[in-house]
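For this one, chain A is given, so just place chain B on it according to the hints.
So the chains spell out like this:
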Amino acid sequence: MGKFLLLAFRNVFRNRRRTIMTLLMVGGGVTGLLLVGGFFAYMYSGTREGAINNGLGHIQIFTAEHFARDEVRVLDTGIQNWRQVAAAVKTGRHIRGVAPRIDFNGMLSNGVKSSIFMGSAVDPVEEKSLGFVTHISAGKNLADKPSGEIEALVGAGVAESMNVKPGDGLTLLAVTSDGALNGIDVQVAGIVNTGIKEYDDHYVRIDLSSAQRLLQSDRITNLVVGLDATENTDRAYGELAPRLHGQTQKLVLRKWIDLATWYKQVRSLFNTIYIFIGIIVFFMVLMSSVNTMLMTMFERTREIGTMLAMGTPRMWIITLFMLEALLLALLGAAVGLAAGNLLGILINAVDVRLPPPPGSTEAMSFHVFHVPIIMIGSSLLVIVSLMLASILPAIRASRMQIAEALAHV
Amino acid sequence: MCAPQELVNVAAVSRRFPLDAIALDNPHQHKNSNFVSALNNANLRVNAGEFLAIAGPSGSGKSTLLNLIGCIDKPTEGHIVVGGVDTSELTPKAMTTLRREKIGFVFQTFNLIPVFTAAENVEFPLLIRGVGSRERRMRVAEALDSVGLSARANQRPDLLSGGERQRVAVARAIVHRPTLVLADEPTANLDTNNATQLIDLMQDLNVRLGLTFIFSTHDARLLDHTPRIVRLTDGQVISDTHAVGVCHG
Numbered sequence: 566m567g568k569f570l571l572l573a574f575r576n577v578f579r580n581r582r583r584t585i586m587t588l589l590m591v592g593g594g595v596t597g598l599l600l601v602g603g604f605f606a607y608m609y610s611g612t613r614e615g616a617i618n619n620g621l622g623h624i625q626i627f628t629a630e631h632f633a634r635d636e637v638r639v640l641d642t643g644i645q646n647w648r649q650v651a652a653a654v655k656t657g658r659h660i661r662g663v664a665p666r667i668d669f670n671g672m673l674s675n676g677v678k679s680s681i682f683m684g685s686a687v688d689p690v691e692e693k694s695l696g697f698v699t700h701i702s703a704g705k706n707l708a709d710k711p712s713g714e715i716e717a718l719v720g721a722g723v724a725e726s727m728n729v730k731p732g733d734g735l736t737l738l739a740v741t742s743d744g745a746l747n748g749i750d751v752q753v754a755g756i757v758n759t760g761i762k763e764y765d766d767h768y769v770r771i772d773l774s775s776a777q778r779l780l781q782s783d784r785i786t787n788l789v790v791g792l793d794a795t796e797n798t799d800r801a802y803g804e805l806a807p808r809l810h811g812q813t814q815k816l817v818l819r820k821w822i823d824l825a826t827w828y829k830q831v832r833s834l835f836n837t838i839y840i841f842i843g844i845i846v847f848f849m850v851l852m853s854s855v856n857t858m859l860m861t862m863f864e865r866t867r868e869i870g871t872m873l874a875m876g877t878p879r880m881w882i883i884t885l886f887m888l889e890a891l892l893l894a895l896l897g898a899a900v901g902l903a904a905g906n907l908l909g910i911l912i913n914a915v916d917v918r919l920p921p922p923p924g925s926t927e928a929m930s931f932h933v934f935h936v937p938i939i940m941i942g943s944s945l946l947v948i949v950s951l952m953l954a955s956i957l958p959a960i961r962a963s964r965m966q967i968a969e970a971l972a973h974v
Numbered sequence: 006m007c008a009p010q011e012l013v014n015v016a017a018v019s020r021r022f023p024l025d026a027i028a029l030d031n032p033h034q035h036k037n038s039n040f041v042s043a044l045n046n047a048n049l050r051v052n053a054g055e056f057l058a059i060a061g062p063s064g065s066g067k068s069t070l071l072n073l074i075g076c077i078d079k080p081t082e083g084h085i086v087v088g089g090v091d092t093s094e095l096t097p098k099a100m101t102t103l104r105r106e107k108i109g110f111v112f113q114t115f116n117l118i119p120v121f122t123a124a125e126n127v128e129f130p131l132l133i134r135g136v137g138s139r140e141r142r143m144r145v146a147e148a149l150d151s152v153g154l155s156a157r158a159n160q161r162p163d164l165l166s167g168g169e170r171q172r173v174a175v176a177r178a179i180v181h182r183p184t185l186v187l188a189d190e191p192t193a194n195l196d197t198n199n200a201t202q203l204i205d206l207m208q209d210l211n212v213r214l215g216l217t218f219i220f221s222t223h224d225a226r227l228l229d230h231t232p233r234i235v236r237l238t239d240g241q242v243i244s245d246t247h248a249v250g251v252c253h254g
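Read top to bottom, the protein sequences are chains A and B.
All the letters of the first sequence, read from the start, carry residue numbers 566 to 974 under our numbering.
All the letters of the second sequence, read from the start, carry residue numbers 6 to 254 under our numbering.
A few of these clues could be false.
Computed list of lysine-lysine pairs in DSS-like fashion (alpha-carbon distance at most 30 Å, straight line) [stated by the list, open to error]:
1) A/LYS693 to A/LYS829
2) A/LYS693 to A/LYS655
3) B/LYS98 to A/LYS568
4) A/LYS693 to A/LYS710
5) A/LYS568 to B/LYS107
6) A/LYS655 to A/LYS820
Computed Cβ-Cβ distance ranges for the label pairs, DEER-style [what the hints assert, rightly or not]:
7) B/ARG134 to A/VAL915: 35 to 45 Å
8) B/ARG134 to A/ARG582: 34 to 44 Å
9) A/PRO937 to B/SER138: 18 to 28 Å
10) A/GLU796 to B/PRO119: 49 to 59 Å
11) A/GLU796 to B/ARG161: 48 to 58 Å
12) A/ILE840 to B/ASN194: 27 to 37 Å
13) B/SER138 to A/ASP793: 51 to 61 Å
14) B/ASN194 to A/LEU908: 49 to 59 Å
15) B/ASN198 to A/VAL974: 21 to 31 Å
16) B/PRO97 to A/ILE956: 39 to 49 Å
17) A/LEU571 to B/LYS98: 51 to 61 Å
Residues of chain A placed beyond 12 Å of chain B at every Cβ, according to the derived structure [stated by the list, open to error]:
18) PHE578
19) ILE585
20) SER685
21) GLY734
22) GLU763
23) TYR764
24) HIS767
25) ARG800
26) GLN814
27) ILE822
28) VAL831
29) TYR839
30) GLU868
Just so you know, the hints here were simulated from the structure itself, not pulled from any lab data.
Where is the CB? At the ideal position from N, CA and C, for every residue including glycine.
With the rest of the complex left out, here is chain A (with noise of 0.2 Å):
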């Protein structure tokens, strides 16, 4: 078998011009995988550590009244013994922090004109304990401690539209939990910017007593857990889960997979269009290797024949074809792998700035992670496909009529 493999080594490289085409072709496919799926690798990491540090957080606590119902008073299905749950939790293993919030609606006015926004409410001091990341365009970030004015943080797309900047004032109105109307005024602390032009246009953020205050309820809508690395999510989840038992209100707990249906939108698309790259490229690479192994073939007719004069086994001429193909194939996909890998090196080190994707305001960066899966993957992919591709000329090859490939010319 040494001496067969011997063979098919060197027939690989018999016609060079015709291997170095065709490991381009395999080496390329792999390559061209590797970049695309470390890029969308970089990408899925970016989404999702982005949702979870721009204050999803790991893992979230709601009452189960909160996906049962909808809300008839403001936060009627919001956590009430807030406090002790918060601190039940903190004492769990991988939790770095755990912070209240409190989600609410209403219209914010500059005097001039008004507009609806989507309130948060955060304890900034709990916020920082869980490392998420405010990007603040411009002031400041709210107080850890109220101290006179009420301050806010409102979205660029808020702070455009009514015309405000920091230190200017705004007034907030919403529904209490008793039904009434009530409004507080506050002064711009600072303007974020998340990335996501929807959100920007209507964010505005103040302390959780404040909103406390504007919505008449010591209740909050949720508590989010950061973990210390999302790694853990599943390890943190398990443990919390029986802490949150005999409390007054039945709490869940949800997972930030659970909550991110961008992130999982985002996910399942990219994920479709790679394993389509993924198809183009095993056609590709199973197309081109087939015209080359049956022009291999053909021009190695008599030597074929030659063989099967000799009385070599018709099963060995196949096994000598398949062989080929593999070491082309393990050729192709160690080009490959070199290839994308330096590449992407190269691509990392040079800091590839792309346009801002659509919905968000911030450019991005064309990274690419080097994914170990991702080199299996398309290793075996242009493996299987060369393997696939050396089935029919190799039995073609086995086929032949020995006295007619005696006498090829």
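Frame of chain A; chain B shown alone:
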């Protein structure tokens, strides 16, 4: 003195090819038929240890007869017995085994595997027979030595002359110690000097190793020293000439 043992018996063998498989203007095409006849009721007996030339012009059926004896092809009619086995009854697999075990081939265009060295080419028949590496090395060395090419063992075919390539092909044909060596126009691509040397070499191997050689040629100059000459014309054996008192092997 000699006790001849029959090795090959070609009995009333005909070989016809369908018309679409060969040129339409073939002179052997039967009128109003859809086939041409390459061999027509040919008879031939060859004893073990003989050195025999099949002579005849192009298209006389020499290659067809060798292909049939060599189990590369099957006759349309008649029987061929090689070493006591009626090859016309054999399955393709059994024919492959017979070729591998009993027959050595030398081709007109050498047909060496170009990516193998001379030694690796000679080793190939042993490889497909599953001979162990130590014995392979020994037999390859012997075979190359017997054709005088030990010094060129590690050269690829493209670095060898035509004569050397054909000697490698002869070494490859005898390395597995076949009972029969078939050489189809082995001298056609060689100059007269190399051609004569090759025939002498084959004859020497016939004498020394007792191998049966059947070779085809249309070159009359090579027949001078051949003990037995079978002449073919239009697919029929027209003469079978023995030199008196010659018995090799």
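Margin query: Please check whether the beta-carbon of A/TYR764 is more than 12 Å away from every beta-carbon in chain B.
Written below: 65 Å, holds
Check: Is the straight-line distance between the alpha-carbon of B/LYS98 and that of A/LYS568 30 Å or less?
Finding: At roughly 23 Å apart (the allowed maximum being 30 Å), A/LYS568 and B/LYS98 satisfy the hint.
Margin query: Verify the CB-CB distance for B/SER138 and A/ASP793 against the hinted window 51 to 61 Å.
Written below: At 60 Å between Cβs, range holds.
Item checked: A/ILE585 non-interfacial with respect to chain B [C-beta, more than 12 Å] -> 17 Å, holds
Margin query: Within 27 to 37 Å: is that where the Cβ-Cβ distance between A/ILE840 and B/ASN194 falls?
Written below: 55 Å, violated
Next item on the list: Note whether the CB distance of B/ASN198 and A/VAL974 lies within 21 to 31 Å or breaks it.
Entry: 26 Å, holds
Next item on the list: Would you mind confirming whether the straight-line C-alpha gap from A/LYS693 to A/LYS829 stays at or under 30 Å?
Entry: With a Cα-Cα distance of about 27 Å, the restraint between A/LYS693 and A/LYS829 holds, given a limit of 30 Å.
Next item on the list: Please settle this one: A/ARG800 was flagged as non-interface, so is its CB more than 12 Å from every CB on chain B?
Entry: At roughly 56 Å from the nearest Cβ of chain B, A/ARG800 sits farther out than 12 Å, so the non-interface label holds.
Check: Using the C-beta atoms of A/GLU796 and B/ARG161, is the stated range 48 to 58 Å upheld?
Finding: Given about 56 Å between the Cβ atoms, the range holds.
Margin query: Please check whether B/PRO97 and A/ILE956 have a Cβ separation lying inside 39 to 49 Å.
Written below: 21 Å, violated
Checklist line | Range hint compliance [Cβ, A/PRO937 to B/SER138, 18 to 28 Å] | finding: 39 Å, violated
Margin query: Quick check for students: does the CB of A/GLU763 sit more than 12 Å from each CB in chain B?
Written below: 65 Å, holds
Violated hints, in rising order: 7, 9, 12, 16, 17, 18 and 30; the structure is consistent with all others.
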